[in-house]
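Enquirer: Mapping to our numbering: the sequence shown position 8 is 8, numbers consecutive.
Since the hints were derived computationally from the structure, they do not count as laboratory data.
All of these numbers come straight from a predicted model, not from anything done at the bench.
Hints may contain errors.
Said to hold, decoys possible - Below, simulated DSBU-like cross-link-like pairs (lysine-lysine); rule was C-alpha separation at most 35 Å, straight line:
hint, residue 1, residue 2
1, Lys-64, Lys-35
2, Lys-64, Lys-82
3, Lys-67, Lys-17
4, Lys-35, Lys-67
5, Lys-67, Lys-82
6, Lys-17, Lys-82
7, Lys-17, Lys-64
What the hints assert, rightly or not - Estimated spans, in silico, between C-beta atoms of each pair:
hint, residue 1, residue 2, range
8, Pro-102, Val-11, 14 to 22 Å
9, Leu-100, Arg-36, 20 to 28 Å
10, Arg-12, Glu-95, 34 to 42 Å
11, Phe-34, Leu-80, 32 to 40 Å
12, Ser-5, Gln-83, 15 to 23 Å
Note that the Cβ used here is the ideal one computed from N, Cα and C, for glycine as well.
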Amino acid sequence: MNQVSLIGRVVRPIVLKDCNETVVMNNSLAINRFKRDSKNGGADFIPIVAWGAVAEQLYRYVEKGQKIGIVGHLQSRSYLNKQEQQVYVVEVVVEYVEFLEPLHKGDDLHKDEEFLRQFEIDSLEES
Numbered sequence: 001m002n003q004v005s006l007i008g009r010v011v012r013p014i015v016l017k018d019c020n021e022t023v024v025m026n027n028s029l030a031i032n033r034f035k036r037d038s039k040n041g042g043a044d045f046i047p048i049v050a051w052g053a054v055a056e057q058l059y060r061y062v063e064k065g066q067k068i069g070i071v072g073h074l075q076s077r078s079y080l081n082k083q084e085q086q087v088y089v090v091e092v093v094v095e096y097v098e099f100l101e102p103l104h105k106g107d108d109l110h111k112d113e114e115f116l117r118q119f120e121i122d123s124l125e126e127s
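Take these sequences, add in the hints, and give me the full structure.
Expert: And the structure:
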């Protein structure tokens with residue numbers, strides 16, 4: 001079984017990229033570590049990726065720093081970077097999102113209207 005459930009805070013603003021006629025979103029979740037002997041155990045930064053409707057949902061309703069819960073599965077992949085070096089990545093593919101906090105923007109339904117008016121997608125680039 002390959003299933004992952006995480007709760008954490010979104011590290012960067014959500015950006016959609018175009019990938020073969022669908023959209024993809026790459027980001028990270030900051031997840032607090034629990035440490036018995038101290039109050040602050042640090043944080044882990046877990047790479048996440050979402051495709052299609054899930055990516056669009058994250059773009060519309062999630063902002064940097066917001067706490068979310070996700071369910072998905074682990075995926076490993078590799079690619080050649082600009083220096084022609086093989087890079088290995090393990091990430092969580094998001095299948096379901098739970099919004100655990102209200103948006104901070106109040107009246108603004110976040111990017112909903114903006115999303116419909118000017119849907120801009122960055123070209124997919126390997127980092």
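Enquirer: Against this structure, judge whether each hint is valid.
Expert: Here is how each hint holds up against the structure:
1. Lys-64 <-> Lys-35: Measuring from Cα to Cα gives roughly 25 Å; hence the hint holds.
2. Lys-64 <-> Lys-82: Since the Cα atoms of Lys-64 and Lys-82 sit roughly 28 Å apart, the hinted pair holds (cutoff 35 Å).
3. Lys-67 <-> Lys-17: Judged against 35 Å, a Cα distance of about 22 Å means the pair holds.
4. Lys-35 <-> Lys-67: holds (20 Å)
5. Lys-67 <-> Lys-82: With Cα atoms ~33 Å apart, Lys-67 and Lys-82 stay inside 35 Å; holds.
6. Lys-17 <-> Lys-82: holds (19 Å)
7. Lys-17 <-> Lys-64: holds (17 Å)
8. Pro-102 <-> Val-11: 14 to 22 Å: holds (19 Å)
9. Leu-100 <-> Arg-36: 20 to 28 Å: holds (25 Å)
10. Arg-12 <-> Glu-95: 34 to 42 Å: violated (21 Å)
11. Phe-34 <-> Leu-80: 32 to 40 Å: Holds, at about 38 Å.
12. Ser-5 <-> Gln-83: 15 to 23 Å: violated (36 Å)
When held up to the earlier numbered hints, the structure conflicts with 10 and 12 and fits the remainder.
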